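Please arrange chain W on chain S, whose structure you already have, making use of the hints.
Protein chains: 2
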Amino acid sequence: MAGELESLEKLLEKHIPPDELREVWRLLYGKEIRPLDLPSCASQAASKAGFDLQGYGFEAAQEQTRRPRIVRVGLIQNKIQLPTTDPVTEQISALHRRIAEIVEVAAMCGVNIVCFQEAWSMPFAFCTREKLPWTEFAESAEDGMTTKFCQELAKKHNMVIVSPILERDSVHGDTIWNTAVIISNTGAVMGKSRKNHIPRVGDFNESTYYMEGNTGHRVFQTAFGRIAVNICYGRHHPLNWFMYSMNGAEIIFNPSATIGELSESLWPIEARNAAIANHCFTCSINRVGTEHFENEFTSGDGKKAHRDFGHFYGSSYVSAPDGSRSPGLSRVRDGLLVAEMDLNLCRQTSDKWNFKMTGRYEMYADELTKATQPDFKPNIVRE
Amino acid sequence: MAGELESLEKLLEKHIPPDELREVWRLLYGKEIRPLDLPSCASQAASKAGFDLQGYGFEAAQEQTRRPRIVRVGLIQNKIQLPTTDPVTEQISALHRRIAEIVEVAAMCGVNIVCFQEAWSMPFAFCTREKLPWTEFAESAEDGMTTKFCQELAKKHNMVIVSPILERDSVHGDTIWNTAVIISNTGAVMGKSRKNHIPRVGDFNESTYYMEGNTGHRVFQTAFGRIAVNICYGRHHPLNWFMYSMNGAEIIFNPSATIGELSESLWPIEARNAAIANHCFTCSINRVGTEHFENEFTSGDGKKAHRDFGHFYGSSYVSAPDGSRSPGLSRVRDGLLVAEMDLNLCRQTSDKWNFKMTGRYEMYADELTKATQPDFKPNIVRE
Numbered sequence: 001m002a003g004e005l006e007s008l009e010k011l012l013e014k015h016i017p018p019d020e021l022r023e024v025w026r027l028l029y030g031k032e033i034r035p036l037d038l039p040s041c042a043s044q045a046a047s048k049a050g051f052d053l054q055g056y057g058f059e060a061a062q063e064q065t066r067r068p069r070i071v072r073v074g075l076i077q078n079k080i081q082l083p084t085t086d087p088v089t090e091q092i093s094a095l096h097r098r099i100a101e102i103v104e105v106a107a108m109c110g111v112n113i114v115c116f117q118e119a120w121s122m123p124f125a126f127c128t129r130e131k132l133p134w135t136e137f138a139e140s141a142e143d144g145m146t147t148k149f150c151q152e153l154a155k156k157h158n159m160v161i162v163s164p165i166l167e168r169d170s171v172h173g174d175t176i177w178n179t180a181v182i183i184s185n186t187g188a189v190m191g192k193s194r195k196n197h198i199p200r201v202g203d204f205n206e207s208t209y210y211m212e213g214n215t216g217h218r219v220f221q222t223a224f225g226r227i228a229v230n231i232c233y234g235r236h237h238p239l240n241w242f243m244y245s246m247n248g249a250e251i252i253f254n255p256s257a258t259i260g261e262l263s264e265s266l267w268p269i270e271a272r273n274a275a276i277a278n279h280c281f282t283c284s285i286n287r288v289g290t291e292h293f294e295n296e297f298t299s300g301d302g303k304k305a306h307r308d309f310g311h312f313y314g315s316s317y318v319s320a321p322d323g324s325r326s327p328g329l330s331r332v333r334d335g336l337l338v339a340e341m342d343l344n345l346c347r348q349t350s351d352k353w354n355f356k357m358t359g360r361y362e363m364y365a366d367e368l369t370k371a372t373q374p375d376f377k378p379n380i381v382r383e
Numbered sequence: 001m002a003g004e005l006e007s008l009e010k011l012l013e014k015h016i017p018p019d020e021l022r023e024v025w026r027l028l029y030g031k032e033i034r035p036l037d038l039p040s041c042a043s044q045a046a047s048k049a050g051f052d053l054q055g056y057g058f059e060a061a062q063e064q065t066r067r068p069r070i071v072r073v074g075l076i077q078n079k080i081q082l083p084t085t086d087p088v089t090e091q092i093s094a095l096h097r098r099i100a101e102i103v104e105v106a107a108m109c110g111v112n113i114v115c116f117q118e119a120w121s122m123p124f125a126f127c128t129r130e131k132l133p134w135t136e137f138a139e140s141a142e143d144g145m146t147t148k149f150c151q152e153l154a155k156k157h158n159m160v161i162v163s164p165i166l167e168r169d170s171v172h173g174d175t176i177w178n179t180a181v182i183i184s185n186t187g188a189v190m191g192k193s194r195k196n197h198i199p200r201v202g203d204f205n206e207s208t209y210y211m212e213g214n215t216g217h218r219v220f221q222t223a224f225g226r227i228a229v230n231i232c233y234g235r236h237h238p239l240n241w242f243m244y245s246m247n248g249a250e251i252i253f254n255p256s257a258t259i260g261e262l263s264e265s266l267w268p269i270e271a272r273n274a275a276i277a278n279h280c281f282t283c284s285i286n287r288v289g290t291e292h293f294e295n296e297f298t299s300g301d302g303k304k305a306h307r308d309f310g311h312f313y314g315s316s317y318v319s320a321p322d323g324s325r326s327p328g329l330s331r332v333r334d335g336l337l338v339a340e341m342d343l344n345l346c347r348q349t350s351d352k353w354n355f356k357m358t359g360r361y362e363m364y365a366d367e368l369t370k371a372t373q374p375d376f377k378p379n380i381v382r383e
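Listed in order, the protein sequences are those of chains S and W.
All residue numbers for the first sequence refer to the UniProt record's numbering, where the first residue is 1 and numbers rise by one.
All residue numbers for the second sequence refer to the UniProt record's numbering, where the first residue is 1 and numbers rise by one.
Looking at chain S on its own, in the form it has when it is part of the complex:
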């Protein structure tokens, strides 16, 4: 991507002297986090396979009655591998191969839970508004080829896998959903979590393809901690994060596909705010690169029809409940971010800040119920 910056972090590090840089990071990214000492075989493999590898550790205080609950999480961002005009199954297989390669490195780094980007087994073709061949990328969440592929990976590496795909639900009249499949480290499908909020914004007119999810705010009790998945546009909805947290999520993944012009200044804010507001970890994953399509389409933004969506800016990152965050992965390259977290930090932060205790949810349940009524009267004071 000529002209695209590799990352904000690299730019700041290039220009700011180390003593002042420390204060910049404190103000921008919160409490200092520890770079992980990843095995050299992993760094070499990442370098050879041409992807960005970074690792950071988030620590918690020692407790007397609970042992530290250390988990290593992996976030993967990647480009599509073949042109969007290639046969569907070849495109899928090429993505499987790329992900297998990156997950191999995640395993070297001791990752326990890995999450891929939104609709990872396909190009993000929803901008086209065309149905074929794109709906052919939809697969059964329970036994599609992508789920089977993930089950093998999960077993091989003893790793929980969060696999966001386009789901074909043949049990309910061939409905299509935007769904994350959660696969246990044993290889079993634990269940699925569907995208709750669907955008109708510019090129993201996804309601052409699927509707609002009906799986609510499930949390999955994995061997390594309680996780939930808030897919893409759901990150703009604070109540969506909140309900996953109320159901007990300690880590909420946000697999996404979003582009620079539209959302890049929102990207560092929303998931990090959710980590703070809900006393949990959030993992933000964005696609990377530019995807080209055969036929022109319009974005509804008054500009000319075009054949690409814009630049997916990557920049995947992890936020902690104490407001600290990791640097972002590359804005232009594939990447694997490894985050080691002590999940005890969630309850420790909750005990410090007490947002759930001071939340007054009875009042809000009542006000929200009233606000959804057609005859709702806003509370406006006039002189």
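Hints listed in this document are in silico derivations from the structure and should not be mistaken for laboratory results.
Note that the structure is a prediction, hence the values are computed from the model and not measured.
A virtual CB, placed ideally from N, CA and C, is assigned to each residue, including glycine.
PhoX-like mimics (lysine-lysine), calculated; alpha carbons at most 25 Å apart, straight line: (1) Lys370/W to Lys370/S; (2) Lys352/W to Lys303/S; (3) Lys370/W to Lys356/S; (4) Lys14/S to Lys14/W; (5) Lys10/S to Lys31/W; (6) Lys303/W to Lys131/W; (7) Lys352/S to Lys304/W; (8) Lys48/S to Lys10/S; (9) Lys356/S to Lys377/W; (10) Lys356/S to Lys356/W; (11) Lys356/S to Lys31/S; (12) Lys31/S to Lys10/W; (13) Lys303/W to Lys352/S; (14) Lys14/W to Lys10/S; (15) Lys156/S to Lys48/S; (16) Lys370/W to Lys356/W; (17) Lys31/S to Lys303/W; (18) Lys79/W to Lys48/W; (19) Lys303/S to Lys31/W; (20) Lys14/S to Lys31/W; (21) Lys370/S to Lys356/W; (22) Lys356/W to Lys377/S; (23) Lys14/W to Lys31/S; (24) Lys10/W to Lys14/S.
Covered stretches of chain S, as calculated for chain W (at least 3 residues, CB under 8 Å): (25) 20-27; (26) 212-220; (27) 269-277.
Relative to the frame of chain S, chain W by itself:
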């Protein structure tokens, strides 16, 4: 404040070349905003009176059926003026004089609505847990000396004033509240808005002094736009911002008092997220400086007893619904931030992103009601 940085913005501007700085601001602060051309008499007065003066303009697209709705908002941050051991009424009067001086400059800059910091007519003495003399700073919201002072200012300058004070409510058994008084540009008291969420965090053990507010989520229809006030700790609660927005607020003020060690990395995130999530402007105002008290007190953080709270880091700023934000005021000096905003940007952003339309509030009202029940069962999936 020896050793305290003046501002993040100045540090970045010192080191980063202009062409790269543009991209840094885009990534950190969103769409470029316009520095306001403030009158030179205002700059001179600010310089003479020793406070930071900055001005920025947020623009909206032209519409055919609505005219631009331009409003100028002023955010004021200030230190206390006298030692906390001085007589109560002298401390109050000195603060009145300082604010009158800064509001005079706001008037030169054409400000229509001004908001002061939380409990602006007193030191933030709640850390002491002592009652006298601090409760003597509490005044009637309707006709206390501070409200009368603000009414005169409002009439003189044709300015709406948001005046957050410690309120003595003699009608209800001498109850004390943390309250913002909203004074119309005509000088009339429009009403009051009480702090909805009360912290019990370290030195912020404010529930010793006042309880959760009972004025709900009122919005005030002023001559210059619909405003609401989310006081301090309420900014950690996304539902609090949300209900002000559902009641129609276009600008939500967040008068605060918060210190570096505790919250500085959260400060740029929460109010900005609220502006994005609710399609409105948010105005974040923080106290500045360090306040010393006569008797030692403990923070409940395992450290030694101390006589000051820590450093209030100022850094007041404005966030727009499109995710852009202004630079912050000084971390160490008094300041006035003038923001010109076209309120049409709120509905334009809502029409673009549709968060209220896609919010699924019926579902959340139902889930939230269930979550508040003592026998609530979290939705947890096990293998």
